[in-house]
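**Student:** Just so you know, the UniProt record's numbering puts 369 at position 369 of the sequence shown, and the rest follows in order with no gaps.
Treat the hints as calculated values from the structure; they're not laboratory data.
Be aware that a few hints might be false.
[What the hints assert, rightly or not] Below, a list of computed lysine-lysine pairs in the DSS-like style, where the Cα atoms sit at most 27 Å apart:
hint : residue 1 : residue 2
1    : 655       : 692
2    : 355       : 489
3    : 21        : 355
A quick note: this is a predicted structure, and the numbers were derived from the prediction, not measured.
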Amino acid sequence: MCCESKRRFLLLYATQKGQAKAIAEEIWQQAGAHGLEADMHCISEMDKYNLETEKDPVVIVISTTGTGEPPDTARKFVKKIQDKTLPPDHFAHLQYGLLGLGDSEYMFFCNGGRTVDRRLQELGAQHFYDTGLADDCVGLELVVDPWIDGLWLALKEALQLQKEKEGMNNAVSAVSSSLSTGPHAVHELKLSSEVQNLKLEDEGARGSDTLSQKLDDINHVAPARDAEPSLVHSVPPVSQSALNIPALPPEYIEVEFQDTQGENPHLSSLISEGRTFEVPVTKAIQLTREDAVKTALLLELDIADTAFEYQPGDAFCVICPNNVSEVEKLLHILGLSEKGDDFVCVKVKQGTKKKGAVRPQHIPERSTLKFILTWCLEIRAIPKKAFLRALVECTSDAGEKRRLQELCSRQGASDYTHFIRDSNVCLLDLLHAFPSCKPSLSLLIEHLPKLQARSYSVSSSDLYQPGRLCFVFNVVEFPAGPSRPVSRKGVCTGWLAELVAPLLHPSKNSQGMKGESSSTEKISIFPRPNNAFHLPADPSVPFIMVGPGTGIAPFIGFLQHRQKLREQHTDWQFGETWLFFGCRHQDRDYLFKDELQCFLKNGTLTHLKVCFSRDSSTAEVAPPKYVQDVLRLCAKEVARVLLKERGYFYICGDKKHMADDVSDAIVDILSREMEADKLEAMKILAMLREAKRYLQDVWS
């Protein structure tokens with residue numbers, strides 16, 4: 001191993017989008033300041049570490065993906081430790097601390113970390129430091145920062161205990177004296193997503209740079225222009241504070257421009273998830289009226305000549321580029337407008353101080369500059385504090401430099417959350433707000449994450465439409481605001497809308513087969529199967545579908561599939577089907593209205609319940625506005641399907657503003673119909689989830 005065992009600890013990370021890796025790298029960087037050295041590896045690199053024989057403390061940073069699964073990089077590790085033949089004392093020698101990353105917007109918060117934590121405990125491993133669960137919904141740093149601050153004392157105590165066990169009494173006394181001036185480590189930190197209960201203590205400058213400036217200097221640099229803070233302006237106490245800022249991340253990427261020409265890599269080389277398929281778009285239909293609040297589009301893809309397979313309920317991913325004009329603006333700011341089509345070679349900088357530095361997997365070794373900015377880097381990503389810290393060094397104006405320091409400091413945590421995180425600020429917004437900031441291309445490659453493919457629910461059935469795959473989406477709009485100088489469309493939805501504009505035929509009938517146009521436009525996709533969100537295996541089992549807005553998409557596939565099964569198997573018994581759909585206006589955004597009426601008439605759909613949240617009514621009793629309200633009106637039937645007939649319940653759509661309200665409505669329904677208290681109803685709902693009879697496909 002790379003370090004002396006006396007001061008060494010093993011640091012493992014399991015990442016999906018790079019956040020867990022970035023946090024592990026921060027721990028690695030800070031370790032040296034505490035007289036420790038981290039032996040850092042991706043958890044998938046099982047040939048480089050061995051937990052079965054590991055004697056030193058282990059620190060694990062792990063994210064969660066999908067509907068609560070460990071990240072792809074942890075799948076082999078999780079499968080290995082879940083081997084049921086392992087004895088309960090398999091890891092009895094192991095001491096570890098685990099930091100889980102998640103998003104409380106989703107049902108199974110931090111389930112990737114919880115899964116590993118629980119299994120390690122079952123196999124006899126012991127905590128030397130309490131598990132931290134960081135919530136991306138409110139800001140990972142609110143738990144991550146204090147968790148890392150407390151890690152060092154816990155690690156030193158764990159190493160001290162280890163030495164005692166090994167009989168190294170002489171070393172014990174030395175370590176004890178070094179710890180005597182500090183408080184006793186509190187291992188049960190109880191760090192969780194309940195961040196409002198956290199009391200963040202100023203830990204001084206451990207592992208960070210400290211900026212101490214005289215009050216006069218601060219006032220000179222940042223004069224009080226406004227009473228309210230903003231992205232570019234601070235007010236006391238932040239503007240008058242000495243700042244604790246992160247350590248400057250070491251540079252590790254070098255970019256060389258080349259005179260030679262060639263071809264850019266194929267898009268499939270950027271995807272690690274499996275095989276990609278380039279397929280033509282055969283149809284595009286606008287499902288909403290022009291005056292609807294949101295524009296919903298349906299796209300049909302031709303997959304007939306591919307090996308792409310799917311079931312209704314599955315999702316798939318679209319490989320999309322960044323916006324062309326945004327790439328051009330970025331090139332202009334970088335001073336590289338004339339070099340966009342030049343080939344560059346990206347490699348690790350010689351002599352870098354970054355541990356285990358490698359070229360990011362999503363960056364080709366050789367391609368054009370424009371290819372990297374268009375297809376490889378998420379230029380819309382919200383900048384992390386480490387990125388802001390690096391941008392400080394690229395900023396010449398003293399006032400701008402100070403404000404960037406504040407935004408990445410502990411004292412400016414609230415400003416960072418409000419003006420960057422919650423405002424969805426991206427790199428271009430920052431460079432517009434801080435015009436003296438001129439980062440290098442290599443810095444962008446080091447700090448911008450991989451441009452992620454976007455996931456969509458399938459809205460068709462291969463049984464109903466062989467060789468075709470349909471999906472539905474709203475064109476996402478980000479309005480201009482104080483921190484965003486211009487309005488923008490979603491990265492993928494904006495690109496798709498522009499791509500299919502020549503095909504669009506606005507129509508009152510959502511899927512009218514008339515007017516089908518041929519297209520030469522192609523997009524690259526890859527499958528993302530859903531292990532649970534499928535029709536019941538037994539067709540006689542009834543099910544309820546709740547899908548307002550574009551949440552109806554997978555249920556169109558369900559109903560198409562059910563219709564074909566009914567036609568092909570007239571002797572089968574089919575359970576009843578319920579659909580609860582909602583939208584704003586009946587005449588503007590009632591998606592698939594004609595298709596749903598057809599499903600009703602032919603018996604595929606047994607019950608259709610609809611509501612319109614923004615239509616006015618002259619009725620004495622106002623009609624329900626939201627799907628959860630309609631569910632409550634059908635309480636007896638819903639309870640009958642779920643409890644007496646052991647039916648299934650599916651929800652698709654917005655998590656924050658719909659799925660949670662539907663869940664609350666189901667608890668109320670179960671409580672009322674069972675004449676039980678709310679706690680008992682919640683237990684029943686939990687059992688339905690566990691049995692995979694209450695299923696969600698939601699997004700935030």
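**Student:** Taken at face value, is the distance from the CA of residue 692 to the CA of residue 655 at most 27 Å?
**Tutor:** 18 Å, holds
**Student:** Between residue 21 and residue 355, is the straight-line Cα distance small enough, at 27 Å or below?
**Tutor:** 12 Å, holds
**Student:** Taking 27 Å as the top limit, are the C-alpha atoms of residue 355 and residue 489 close enough?
**Tutor:** 38 Å, violated
Comparing the model with each earlier hint shows a violation of hint 2 alone; every other hint is respected.
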